[in-house]
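Please build the complete structure, drawing on both the sequences and the hints.
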Amino acid sequence: MDFGLSEEQELIRDSFQGTLSRICELDVVRQTAEAGAPLDENVWGELCQLGMAGLLIDEDYGGAGLGLLEAAVVAEELGRRVAPVPFVASAVMAPLAIGLGGDEDQRRDWLPGMADGSLRVGVAVSEIAAGAREDAGVTAGNGVLSGRALFVLDAAGAQGYVVADNSGGMHLVKADAGGLEQIGLKTIDRTRAISELSFENTPAEPLRQGEGVLQTIIDAGRVMLAADSLGAGEVMLQQAVDYAADRKQFGRPIASFQAVKHMCAEMASELQPCRALVWHGAYTMQHEPAELSLAAAFAKSHVDEVGRFVARTATEVHGGMGFTDLMGLHYWFKRLGVNRAYLGSPERVRAEAARLQGFTD
Amino acid sequence: MDLNDRAEHKVFREEVRVFLDENKHLAPGESAFSFRMRPRNLAEEVRTWQGLLVDHGFTSRTIPKEYGGYGAEVDILKSRIIADEFFAASVIQGLGNQGISMLVPTMLEHGTEEQKQRYIRPTIRSEIVWCQGYSEPNSGSDLASLQTAAREDGDDFIINGQKIWTSGAHIADMIFCLVRTEPDAPKHEGISYIVFPMDTPGIEVRPLQTMTGTPSFNEVFFTDVRVPMANVVGNRGQGWVVANSTLKHERGLLGDANRSLDSLLRVKKLLQNESLDGRPLMENSLFRDRFIRLQARVQAMRLHEMRMITDAGKGKERGLGDMVVKLLGCELNHQLDGLGIDIMGEIGVLYDESPMLRDGGAWQANFMFDLGLIIGGGTAQIQKNIISERGLGMPREPKVAPKAARA
Ligand SMILES: Cc1cc2nc3c(=O)[nH]c(=O)nc-3n(C[C@H](O)[C@H](O)[C@H](O)COP(=O)(O)OP(=O)(O)OC[C@H]3O[C@@H](n4cnc5c(N)ncnc54)[C@H](O)[C@@H]3O)c2cc1C
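Protein sequences, first through last, are from chains U and W. Read in order, the letters of the first sequence correspond to residues 1 to 361 in the working numbering. Read in order, the letters of the second sequence correspond to residues 1 to 407 in the working numbering.
None of these hints come from the bench; they were simulated from the model. Each hint should be verified, as a subset may be incorrect.
Reference listing, derived: stretches of chain W covered by chain U, where coverage requires no fewer than 3 residues with Cβ under 8 Å from a Cβ of chain U [to be verified]:
#1 20–26
#2 47–55
#3 370–376
Among the chain U residues that face chain W by a calculated CB cut under 8 Å, a handful are [what the hints assert, rightly or not]:
#4 M1
#5 G4
#6 Y61
#7 G65
#8 Q106
#9 A268
#10 Y283
#11 F323
#12 M327
#13 G328
#14 H330
#15 D361
Ideal placement from N, C-alpha and C gives every residue a C-beta, glycine not left out.
Shown next, in the form of C-alpha cells:
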C-alpha cells in the first residue's frame with residue numbers, strides 16, 4: 001500500500017504552486033473579479049502552458065493523459081490561490097465527458113482544441129447533480145434541445161457546452177448554435193463564471209457512448225470541488241494563524257489567547273483528514289471505479305462541512321478586518337460557499353451515498 | 001498512490017489469514033466491544049492467546065527477540081495488515097493494556113539492560129499487568145506540578161503521596177509512576193519515572209466507582225513505600241521526558257480508526273434492526289443523514305491513518321497529521337455512541353439488567369467510557385493547546401505570576 005503522491009505528482013504540485021504564486025497574486029484575482037471577466041487571460045495562458053487544460057485528455061488528442069489524482073492536486077492549488085480560471089467544468093468534466101462518451105469524430109473535433117486551451121467548454125448538469133430549481137430542465141429530441149439549464153459551470157466565454165437532458169442523455173452544443181441564449185448569473189464568487197442557458201430547438205449532437213458517463217463526470221467534478229475547498233480552507237487557516245501572530249490586543253498577540261488558538265487548532269484538525277478523502281476520491285476513478293461515486297460523495301459532503309466551518313472561523317479570527325473587502329479573505333470565503341452548493345449540497349450528496357449503499361431506494 | 005498490497009505484503013496477509021483460520025477458536029470469546037466494559041479478565045485463556053500471538057509475531061512484533069518479542073523489522077504496513085485482518089475476523093489482537101502499549105515502548109527507549117531483560121518479556125505475555133500512576137488530586141492537566149515525594153534513604157527511595165484516576169490499579173501487579181525526587185528543582189526537572197510492585201508495603205488502593213457503574217480506576221495512597229533507586233527508568237530527574245514519550249504512545253493508542261469503524265458498523269446494524277412505528281430506522285432520512293455524516297468522518301480517519309502510515313514508512317515528518325488523531329478520533333467515537341443511543345430512543349437509555357436492553361448495555365457504557373477517553377490521556381483542550389502551539393507554531397499562554405510576586 002502506498003497512500004501518497006508520486007514524485008511526478010509532487011512535481012506537478014510544485015510547478016503549479018510556483019507558477020500560481022508568481023502570476024496569481026490577490027491583486028490579479030481582485031482585478032478579474034471586479035471586471036466581471038470570466039477569467040484572467042494571463043493566468044489562463046500560463047496555466048495552459050503547464051498543461052492544465054489538457055491534463056485529462058489522451059495524448060492522442062494532444063493532452064497529457066493524466067488521471068484524476070493529478071487533477072485533484074491542481075484543483076487544490078487553484079483553490080489555494082482562488083485562481084480566476086475555468087477548471088472544474090472546462091478542464092475536467094467536459095474533457096472526461098467527451099473522452100469517455102464521445103465517438104472518434106467527436107473526440108477529434110473537440111479534444112485537441114480543449115487540450116491546448118483554445119477551446120473552452122462549459123458543463124450544464126446542475127439539474128441532475130444538484131436537483132432542478134425553478135422547474136428548469138432540458139428536453140431532447142430530433143437533434144435539438146429545448147428548455148433551460150441553470151448554474152452552468154465555466155459557461156461565460158466558452159465556445160461550446162456539454163449539456164445533460166432530463167433523462168440523463170448528454171449533448172454537445174456549440175455556443176453559436178441557433179436558439180441558444182447564455183445569460184450570465186452572478187454568484188458571491190466572482191472568480192468563476194456561472195450562467196443560465198436557454199434552448200429553443202437548439203441543434204445539438206448527442207454524445208454517442210454516454211452510458212454511465214454523466215455520473216462519472218459529476219463524481220469527478222465533486223472531487224475537484226472538494227480539492228478546491230481543501231486548498232482554500234488551508235489558506236484561510238494559514239491566514240488566520242499569521243494574522244493572529246501580528247495583531248496585538250491587551251498588550252499581546254491575539255495568537256496567545258487560548259480562545260484564538262483553539263479556533264485555529266479546530267480548523268487544523270478538521271482540515272487534516274480531508275486531504276486523504278480527496279485523494280482517495282480521485283484515486284478510485286482509475287483504480288476502483290465501482291467505488292468512485294461513494295468516495296466522491298464522502299469527499300464532497302465532508303469537505304463542504306469542514307469548508308463552511310473554516311470559512312467562518314478563519315474570518316472570525318480576523319475580527320473586523322475579516323469583514324473588509326481590503327483584506328480579501330472573502331474571496332476564499334465565497335469560493336468555499338459556492339463549492340458547497342455546486343454539484344449537490346452535502347445533504348443531497350449524503351442522500352445519494354445512502355442510496356448507493358442500498359440503505360434506501 | 002496504490003492501495004493494493006505489494007507482493008510481499010500479499011503473502012503476509014495470506015499468512016495472517018491462515019493463522020486466524022487455524023487459531024481463531026482459541027481466541028478469548030469476548031469481542032473487543034464487550035471486553036471494554038468489564039474489568040480485565042486475565043484468565044488463563046487470555047494469557048495463552050497472548051503468548052500465541054507473541055510467538056507468531058502478531059503482537060509485540062518489533063520488540064527484539066532478546067526481550068521476548070518477535071524481533072521483526074519495523075514494517076508499519078505489516079502491522080496495519082495484522083490489525084485489519086484481526087479486525088475483519090473479529091478477533092482481539094492481544095491485550096492493549098497500559099503495560100504493553102505504554103510501559104514497554106518507554107522501557108525500550110529509556111530502560112537499562114537489566115530492566116528490559118526483567119520486565120518486557122512477562123509484560124507482553126500479560127504475566128505482569130501494569131497501571132499508570134501519573135495523575136494526582138491537584139495535578140491533572142498540569143501534570144508537571146505533581147507532589148508525590150520520593151525521599152532518598154540509602155539505596156532506596158521512600159515514597160509518600162497520592163495518585164488518582166489510576167486505571168486498573170486494583171488488578172495490577174506493577175505500577176509505573178511519576179514521583180518528585182528533586183523538590184528544589186524547577187517543576188519539570190525534579191521528577192523521576194519509577195516502577196515498583198503493587199504489593200510493596202505501604203500501598204493502599206481504593207477503587208473509585210465510575211459513572212459507568214463499574215469501578216475501573218482508583219485512588220492509590222503511598223505511605224513510606226520503599227523502592228530501590230535502581231527502579232528509576234531513565235535518569236533521575238528526567239522523568240518528565242521519559243513520561244512524555246509514554247504519553248506519545250498513549251495518544252496513538254487512543255485514536256484507532258478500526259475502533260471507530262467497529263462502532264460505525266454496529267450503528268448501521270441498529271439502523272437496520274431497530275424500528276420506530278413499525279418501520280426500520282434505516283427508512284428515516286434524518287437518521288440516515290446523521291449516519292452518513294459520521295460514516296464520512298470514519299472514512300476520513302481511516303484514510304488519514306493510511307496516509308500517516310505511508311508518510312511514516314517514507315520517513316516523512318508527520319507533525320500536525322499525527323497530533324489531531326487523538327482529538328478527532330475520541331470525539332468521533334463518542335458521537336457514534338450517541339447516535340446509537342438516539343436511534344434506540346427510550347430503549348437507548350435502558351441500563352443494567354433491564355428487559356429490552358440492547359448489546360448488554362454497551363451503548364450507554366461506551367458513551368460514558370468514550371467521554372472518559374476524551375478527558376484521559378490529555379484532555380481535548382490540552383490537545384488543542386498542543387496542536388496550536390507545536391503544530392501551528394502559535395505562542396504559549398503567558399505565565400501568570402503568583403499574586404504576591406506582582407504589585
Ligand atoms: C477514564 C479515565 C481513565 C484515566 N486513567 C488514568 C490512569 O490510568 N493513570 C493516570 O495517571 N491518570 C488517568 N486518568 C487521568 C487523566 O489523565 C486526567 O483526568 C486528565 O489528564 C485531566 O486531568 P484532571 O482530571 O485533573 O482535569 P483538570 O486538569 O482539572 O481539567 C479540568 C478541565 O479544565 C481544562 N483545562 C485544564 N487545564 C487547561 C489548560 N491549560 N487550558 C485549557 N483547558 C484546561 C481541561 O481540559 C478540563 O476540561 C484517567 C482519566 C479518565 C477520565
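Hints violated by the structure (numbers, ascending): Failing hints, ascending: 1, 2, 3, 6, 7, 8, 11, 12, 13, 14, 15.
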